[in-house]
Amino acid sequence: MIFSPGKRSSLEKFKILKGVAAPLPRENVDTDYIIRIERCTRTPKAELGNYAFEMARFLPDGRENPEFVLNQPRYRGARILVCGAFFGTGSSREHAVWALAGMGIRCVIAPSFGQIFFGNCFQNGLLPIVLPADVVEGLMARASAAEPFEVNLENQTVNGQIRFEISPRRKKMLLEGLDELGLTLAMEPKIAAFQAADRARRPWIYRL
Amino acid sequence: MSGRTLFDKVWDEHVVDELGDGMQLMHVDRHLMNELSGHRGQEVIAERGLKTRNPDLTIGTLDHVVSTAPGSRGGGAAWADRIIQVFREESAKAGFPVYDFGDDGQGIVHVIGPELGFTLPGVLLVCGDSHTCTHGALGALAWGIGTSELVHVLATQTVAQQKPKTMRARFDGRPQRGVYAKDLILALIGKIGTAGGMGYAVEYAGEAIRGLDMEGRMTVCNLSIELGAKVGMVAPDEKTFAYVKGRRHAPKGELWDQALAHWKTLPTDPDAAFDLEHALDCSSLAPQVTWGTSPEDVAGVDGTVPDAKPEALAYMGLSPGQRIAGTKIDRVFIGSCTNSRLPDLRAAAEVVRGREVAKHVKAWAVPGSLRVKREAEAEGLHEVFLAAGFEWREAGCSMCVAANGDYVEPLARCVSTSNRNFAGRQGPQARTHLASPATAAASAIAGEIVDPRSFL
Chain A
1 MIFSPGKRSS LEKFKILKGV AAPLPRENVD TDYIIRIERC TRTPKAELGN
51 YAFEMARFLP DGRENPEFVL NQPRYRGARI LVCGAFFGTG SSREHAVWAL
101 AGMGIRCVIA PSFGQIFFGN CFQNGLLPIV LPADVVEGLM ARASAAEPFE
151 VNLENQTVNG QIRFEISPRR KKMLLEGLDE LGLTLAMEPK IAAFQAADRA
201 RRPWIYRL
Chain B
1 MSGRTLFDKV WDEHVVDELG DGMQLMHVDR HLMNELSGHR GQEVIAERGL
51 KTRNPDLTIG TLDHVVSTAP GSRGGGAAWA DRIIQVFREE SAKAGFPVYD
101 FGDDGQGIVH VIGPELGFTL PGVLLVCGDS HTCTHGALGA LAWGIGTSEL
151 VHVLATQTVA QQKPKTMRAR FDGRPQRGVY AKDLILALIG KIGTAGGMGY
201 AVEYAGEAIR GLDMEGRMTV CNLSIELGAK VGMVAPDEKT FAYVKGRRHA
251 PKGELWDQAL AHWKTLPTDP DAAFDLEHAL DCSSLAPQVT WGTSPEDVAG
301 VDGTVPDAKP EALAYMGLSP GQRIAGTKID RVFIGSCTNS RLPDLRAAAE
351 VVRGREVAKH VKAWAVPGSL RVKREAEAEG LHEVFLAAGF EWREAGCSMC
401 VAANGDYVEP LARCVSTSNR NFAGRQGPQA RTHLASPATA AASAIAGEIV
451 DPRSFL
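Residue numbers (my numbering), protein chains in the order written: chain A, 1 to 208; chain B, 1 to 456.
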C-alpha cells in the first residue's frame, strides 16, 4: 500500500516567547471551563479563541467580565499563562487547545496537566511546561506583578534561569513546526511489517 | 526475571517502533468512532487528501449529538443532523460501518464497543473521547485521543505515546448492599484526588473488583480519567470470557480458541511490581455523592459538606457543615457511559418499583444503547420507570455532555449517574451531584439526596 504524505499542515515555529504572562492560580481548570461544549459543536475552529474561558471571561449578559485576568488591560493579548495544578483536566476535546491558541496563547506553565490536553498541545504548536509547584508559585508572583517573561525553547529555560524538561522529539516538533502525522506517514513500511507479523501471531485481531 | 503486569504485556505487544526518548509508535487494533469527534477528524483527512488506512479495524456509531427524546431518530438540532450526515458519508466512503438509528449497535461508544464484541481482552483500542478508558474493564489497553491523534490513527492505524508508569488500586473486602461500582471508584478518587493517577496506567484489583459483573468493572474503569489516568484496566477472567463469547464481532471457532489461549496469559504475574500501590477497604464504605465541582469533591451520603473549596460550594449553593442527605433536588439523570447498562437500570428500577418520583423532580432514565433499551424493555423495566413518573428515553450521551438538547437548567440541582460535575458541564450554571444509579433513583423518589440503603 502506498500513501502520499498529503498536504502538510502548517504550524507556527516556536522559538523564543517574550512578554507578559497572565496568572491563573485556579486549580483543576477543566476543559469545559476552557471551552464550552456548545462551542465544540457549532463554532468554526478559527473562531474558538473568542470563546476561550467563556464562563469566566463574560458576564451572564454577554459583556466582558472586567475581573477576569485576560480582560485586564495589562494582560490582554498575553501569550503565556501561569496556572494552578492539573490544568486541562477532563475531556479529550482538542478544541480546548484550539481556543487557547486562537486567543494567542502559545505557552502554559503549571505544576501538572490533564494528560490528554497535554498531548494535544504539542499537536498545535502550544508549549505546556511542567515545573515544581514552588517554582510555579514564584512565577505566579512575577506574573501577578506583570513582570516580563521569556520562554526559550531551544535552551529549555523560563526567564533565563529556570530549566524545564521536554522530550527531544516534541521539542523538535515545536521548534520546526513539524506535524507528527507527516513523520509517521514516512514510517509506513514499518507499520505494514508490524501488521504482517502480527496477523500471523494474533489473527483474530484482523477478522472483525 | 521479575514478572510483568497486565498493562506491560499488552503494551509491549503493540510497539511498532521506538521514536526516541521514551516515545513509542503503537499499533491500534480497534478504532471506535463517534459522530462528534469523528466527523471533525474525517474533515481533516479529506482536506489533506489522506485515506482511512484500516477501515477493517474501525467502526462508528452515533451518541454525542443525538436527541434522546422519546421516539426521536436524529440529531438534537439542525447542526447536529449535519454532523451526523458528514459522519455517515465519510464513513461510507472510507468503508467502515456506522451503527445507526434502529440498529442494536447504536448508542454510547463505550457501551456498544463491549456489547458488540468489538472490544476484546488485550487489544489496543482508541476513541476520540476521554472515557475510552472504560474498555479496560475487559483487559483492553484503551484511552481517549484528541482530534489530531484521531486523524493520525485514521491515516496510519498507529498512535505515538509515552509509556506511562503503573499503579495498582486494590479494593479489599465486600461492599455492603446498596454500595455499587460507582461508589467504589468515587471513593478512590476522593481518597487520592483527580491527579492521583496522573502519568499512570491503573490496574484495578482485589476482592471487590473480582466480585463485580463486567458492567460494574466498566463503571470503575470509566472513571479512570477522573483519577487523572488515561488508562484503567481489570485483568480478564472467566467472567470476561463468558461476556465476550458469541458477540457480533468476537472471534469465532478456531480463532476463539486461539484468542482465549492468548488472553489467559495476560493477567499480571504474581511477582510483578507496580510503581505505585493504593488500597481501599470497601467493607465499611457508604454510598458516595459529590458535593463540589470536581469528582474528588466526594463524601459518603451520610456525611456533611466540608469547609473547603469556597468557590465550588458557592457554585453548588451549599454551605459547610450541611448534611448531604436531605439536600433538595430538581433533576435526576440515570444514564451516560458510566451507568447506562442493563445492571445499572435494574439497580435503579429495583429502588423505583412501586414508588413515585417526587412532584417537583424531573427524572430521566436514558439507556446507553438500543440493545440495552430493548433488553430492559423485554424485562419490563421501562414500565417500572414510566409508572413511577420517569421519562424513558432513546439511547445516547444525553445530558452528561449537554451537546444534544438535553441539559440541566441554570441553578437546577441534578443527581446524575454520569462522570463529571464540572461547573457548567450539564448546562450553564447547572449543579451536578454524581452518584450511583440506586442513589439517583432513590433521590428522585425522595425529592432530595437520600441514602439508597433505606429503599432496598
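In short, the hints are calculated from the structure, not lab data. Keep in mind that a hint or two might mislead.
What the hints assert, rightly or not - Simulated pairs of lysine to aspartate or glutamate, EDC-like, Cα-Cα distance not exceeding 20 Å:
{"hint": "1", "chain 1": "B", "residue 1": "163", "chain 2": "B", "residue 2": "12"}
{"hint": "2", "chain 1": "B", "residue 1": "252", "chain 2": "A", "residue 2": "198"}
{"hint": "3", "chain 1": "A", "residue 1": "18", "chain 2": "A", "residue 2": "198"}
{"hint": "4", "chain 1": "A", "residue 1": "190", "chain 2": "B", "residue 2": "281"}
{"hint": "5", "chain 1": "B", "residue 1": "264", "chain 2": "A", "residue 2": "198"}
{"hint": "6", "chain 1": "B", "residue 1": "191", "chain 2": "B", "residue 2": "281"}
{"hint": "7", "chain 1": "A", "residue 1": "45", "chain 2": "A", "residue 2": "67"}
{"hint": "8", "chain 1": "B", "residue 1": "9", "chain 2": "B", "residue 2": "269"}
{"hint": "9", "chain 1": "A", "residue 1": "45", "chain 2": "B", "residue 2": "43"}
{"hint": "10", "chain 1": "B", "residue 1": "9", "chain 2": "A", "residue 2": "198"}
{"hint": "11", "chain 1": "A", "residue 1": "171", "chain 2": "B", "residue 2": "18"}
{"hint": "12", "chain 1": "B", "residue 1": "239", "chain 2": "B", "residue 2": "257"}
{"hint": "13", "chain 1": "A", "residue 1": "190", "chain 2": "B", "residue 2": "18"}
{"hint": "14", "chain 1": "B", "residue 1": "252", "chain 2": "B", "residue 2": "271"}
{"hint": "15", "chain 1": "B", "residue 1": "9", "chain 2": "B", "residue 2": "277"}
{"hint": "16", "chain 1": "A", "residue 1": "45", "chain 2": "B", "residue 2": "47"}
{"hint": "17", "chain 1": "B", "residue 1": "191", "chain 2": "B", "residue 2": "172"}
{"hint": "18", "chain 1": "B", "residue 1": "51", "chain 2": "A", "residue 2": "188"}
{"hint": "19", "chain 1": "B", "residue 1": "165", "chain 2": "A", "residue 2": "165"}
{"hint": "20", "chain 1": "B", "residue 1": "163", "chain 2": "A", "residue 2": "12"}
Said to hold, decoys possible - Examples of chain B residues toward chain A, derived with CB under 10 Å:
{"hint": "21", "residue": "37"}
{"hint": "22", "residue": "104"}
{"hint": "23", "residue": "192"}
{"hint": "24", "residue": "195"}
{"hint": "25", "residue": "256"}
{"hint": "26", "residue": "294"}
{"hint": "27", "residue": "382"}
The beta carbon of each residue, even a glycine, is placed where N, CA and C say it ideally should be.
Hints and how they fare:
{"no.": "1", "hint": "B:163 x B:12", "result": "holds, 10 Å"}
{"no.": "2", "hint": "B:252 x A:198", "result": "holds, 18 Å"}
{"no.": "3", "hint": "A:18 x A:198", "result": "violated, 49 Å"}
{"no.": "4", "hint": "A:190 x B:281", "result": "violated, 47 Å"}
{"no.": "5", "hint": "B:264 x A:198", "result": "holds, 18 Å"}
{"no.": "6", "hint": "B:191 x B:281", "result": "holds, 11 Å"}
{"no.": "7", "hint": "A:45 x A:67", "result": "violated, 27 Å"}
{"no.": "8", "hint": "B:9 x B:269", "result": "holds, 10 Å"}
{"no.": "9", "hint": "A:45 x B:43", "result": "holds, 12 Å"}
{"no.": "10", "hint": "B:9 x A:198", "result": "holds, 15 Å"}
{"no.": "11", "hint": "A:171 x B:18", "result": "holds, 17 Å"}
{"no.": "12", "hint": "B:239 x B:257", "result": "holds, 16 Å"}
{"no.": "13", "hint": "A:190 x B:18", "result": "holds, 11 Å"}
{"no.": "14", "hint": "B:252 x B:271", "result": "violated, 33 Å"}
{"no.": "15", "hint": "B:9 x B:277", "result": "holds, 19 Å"}
{"no.": "16", "hint": "A:45 x B:47", "result": "holds, 14 Å"}
{"no.": "17", "hint": "B:191 x B:172", "result": "holds, 15 Å"}
{"no.": "18", "hint": "B:51 x A:188", "result": "holds, 13 Å"}
{"no.": "19", "hint": "B:165 x A:165", "result": "holds, 18 Å"}
{"no.": "20", "hint": "B:163 x A:12", "result": "violated, 28 Å"}
{"no.": "21", "hint": "37", "result": "holds, 7 Å"}
{"no.": "22", "hint": "104", "result": "violated, 16 Å"}
{"no.": "23", "hint": "192", "result": "violated, 13 Å"}
{"no.": "24", "hint": "195", "result": "holds, 5 Å"}
{"no.": "25", "hint": "256", "result": "holds, 8 Å"}
{"no.": "26", "hint": "294", "result": "holds, 5 Å"}
{"no.": "27", "hint": "382", "result": "violated, 28 Å"}
Comparing the model with each earlier hint shows violations of hints 3, 4, 7, 14, 20, 22, 23, 27; every other hint is respected.
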